[in-house]
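Dock chain B against chain A, hints included.
For reference, the chains in residue letters:
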Amino acid sequence: MIRSKMLLATVAAIATMAVTADAQDRVVNIYNWSDYIDESILEEFTEETGIKVVYDVFDSNEVLETKLLAGSTGYDIVVPTGTFLANQIKAGVFQKLDKSKLPNLENMDPAISERLEKYDPGNEYAINYMWGTTGLGINVDMVKERLGEDAVLNTWDLMFDKETADKLADCGIFMLDAPTETIPATLNYLGMDPDLKTQEGYDAAKEKLSEIRPDIRKFHSSEYINALANGDICMAMGWSGDILQARDRAAEADAGVTVEYIIPKEGALMWFDNMAIPSDAQHVEEAHEFLNYIMRPEVMAKASNYVYYANGNAASKEFLAEDVIGDPAIYPSDETIDRLYTVSPENAREKRMLNRTWTAVKSGQ
Amino acid sequence: MMRALTNRLVILIPYVWLLFFFLLPFLIVLRISLSDLEYGAPPYTPQFSFSDGWSVIWEKLSALDFENFSFLASDSLYINSYLSSLQIALVSTFLTLLLGFPLAYGMARAPDGVRPILLMLVILPFWTSFLIRVYAWIGILKQEGLLNQLLLWLGVIDAPLEILSTNKAVYIGIVYSYLPFMVLPIYSTLEKLDESLVEAARDLGCTRIGAFWKVTARLAVPGIMAGCLLVFIPAVGEFVIPDLLGGSGTLMIGKTLWTEFFNNSDWTVASAIAIILLIVLVVPIVWFQNAQAKATEAGG
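Chains A and B, in that order, give the protein sequences.
According to our numbering, the first sequence is numbered sequentially starting from 1.
According to our numbering, the second sequence is numbered sequentially starting from 1001.
Warning: the hint list may mix true and false statements.
[As the list claims (entries may be wrong)] Okay, the calculated beta carbon distance ranges per label pair:
(1) Asp166/A with Pro1046/B: 50 to 58 Å
(2) Ile337/A with Val1280/B: 48 to 56 Å
(3) Gly1249/B with Ile337/A: 36 to 44 Å
(4) Glu252/A with Leu1099/B: 43 to 51 Å
(5) Glu145/A with Gly1249/B: 39 to 47 Å
(6) Asp166/A with Thr1128/B: 41 to 49 Å
(7) Ala255/A with Ile1028/B: 49 to 57 Å
No lab work stands behind these hints, which were simulated from the structure alone.
Only a predicted model underlies this, so the values are computations on that prediction, with no experimental measurement involved.
All C-beta atoms, glycine included, are put in the ideal place defined by N, C-alpha and C.
Isolated chain A (complex conformation) (with noise of 0.2 Å):
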C-alpha cells in the first residue's frame, strides 16, 4: 500500500510523551503509516511497561524504503508493506525476530502468515499488522444516474472499459498513482497474471490504461478520500479502509452522498502491511515487547476497530465490533477472498520497467 498522503507532507512526527528520554529510560521507536493507529493502544502501552514510545508517521513505502536503505534510521519498528519488506529482506535491513520473546505469536492466523510467506519464508522477520485490498469507492447515485438504475456496479468495467468509463469522465475519475497497485490491476482486467513482470505485460498494461487516461481525472493516492465524500467525484480506485473512510465521512455529512466500496467480482489485490525490526535498531528488547503487546487479541481488535483494516490475528476477532467484523468489505467472505490476487516484489530491472511504463502512461512521454 502506497499512501502518497501529501508528498512532501508534514511527515508530523506525533512525538507521543516525546520527552528526551535520558539513559535509564526505556524506548521504542515507531515508524508506522499515517493514520494507522489508535494512539491510546500507545499510552496504555507506556502505562503497564514502561516503556516510551516515539511514535513518528511516513505516507509512502518508497519513503520509508529510501530511509531503510540509507541505514542508521534510529527506529526500532517501521511497517512496510508486503512487496516491499521481501526486497528489504533480502537488502539485509531487517533482523530476524526472537521469537521466545513473542508468545502471542500463537494469537496470529494462520491464514494470513501463510499468505505472508511469500514475502517473509517461514515469517522469519515480520508479523502481520493490518491486511486490506485494493478496489473501486463509488458514489452509487452518480453511477447509476449514468448506466441506469440496474447496471451491474461489481465489475472494474466501471473503470477498465472504455464506453463505460466515457460515460462517468464528466463526474471525475481518480486513480491511485500508485503503479505497483494499478498496473496488476489493469492485467487482471486484461485477464492475463497480474504478476506478470515482462514487458510485454506491461505494454498491454499501458495500452489499455492510455486508453482511458482521457477519461481519468487525477493520478492521486490520499486526496480521493475527500473527493468522494464530499460528491466531487463519482468514482475512484483506492484503498478499501480509505473507502470505508470517506463512506463513514459522507455519511456524517448527511448531504446525500452515498459512497459504497467495490471488490470487482474479476478479483482484487490483497496487500498486507507488517512490522518488522531493522538490523540497526537500538532498543530491540523494547520492540518486541510491543510486536507482543500488539499481538494481544484485544489490543490488536481495538486497532481494527478504529482504523476499519483487518488485521492478521485470529483471536482478535471475538473483540471486534459488529461494524468491522461484519462488514464484507473489511472482512470479505470466503467466496471473495478466493477471487483476491497478491503479488510479488519486483527486481531492480523489473521495477525500473514498471515505473517507466507508469511515466509513460501519466505524461504521455
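Frame of chain A, contents of chain B only:
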C-alpha cells in the same frame, strides 16, 4: 603581521565553505553516479574508494563505462525533462523580471519613510513556510477555488478555469515564490543609483524614457542579472512546485530525479541526473561571470 594573517583567514572562509558544502558533496554524488546499481543498503556498489590512492583511482576511472550516463541518453524521457525544465525556468524568470522590476523601481522611488515598510512587505512572506505558501495556492487555483469563484462572481468567465494541475499553475507558483529574489537585488542596485546621473541625462536633452533606458536600466543590469540567476537556477531544479501544483503531464527534471531516487531506488541514475543538471547550470553561470569580468575590464 597579525592583520595580514586575519585577512587571509577571512579570505579562506568562503573557500573552506565551498570545499565542505559544495566540492565534497559533489564528489560523493559523482562517485555514486559512477557506481553499479545493487539492491542493498546502500543500494549501489562503488567502483572505487577515496582511500585507494590516486593512481589506483585513476586506473579504475579510466576503466569505467559510464553506463548510468549513457542510460540517460537512451531514453528521451530524460532529455525532454531537462528541456522542459529549462523552458519552464526561462519563461518564469522572464515573467518574474517583468513583475519584479516595476516593483523594485517603485520601491526605490518611494519616500524615505515608506521604503522600510515596503521592504518589510517583500520579506514578510518568508515568515510562513514555503511549503504552506505553495499549498495555499492549491486552494486558490482549484476548480472551486477562490480565483474561480471570484471570476465567476464578477462574470468574467462562465465556467471555472482549469489552472491547477497544469503548467500554468507551475508558472504562477514559481513566479510567486521567487519574486522576492528578483525584487531585492534590483531594489538594492536602484536604491544606490545616483539620481544626479538621470538629471544630467535629462539636462543634456535625453527624453524621460531615453534617460530611463540609457541610465537607470543600464545601471541596474548587475541587479537584474543577479535576480535572474537567483530565480532561474533554483527554478530549473524545482520539485515542490511542479509536484503540488503541476499535473501528471508536467515534466520537470526535479520530478524525474525524485522518481529515480524514490520509486526506482536507483541512486546511481539519480546521481547521474544530478551531475548533468549541475553541468547544465554551472556552465552558463561561469560563462556569464567571465563575460561580466571582461566587460568590467574593458569598461574600467
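Check: Checked against the structure, which of the hints given earlier come out wrong?
Finding: When the structure is compared with the hints, only number 5 turns out to be violated.
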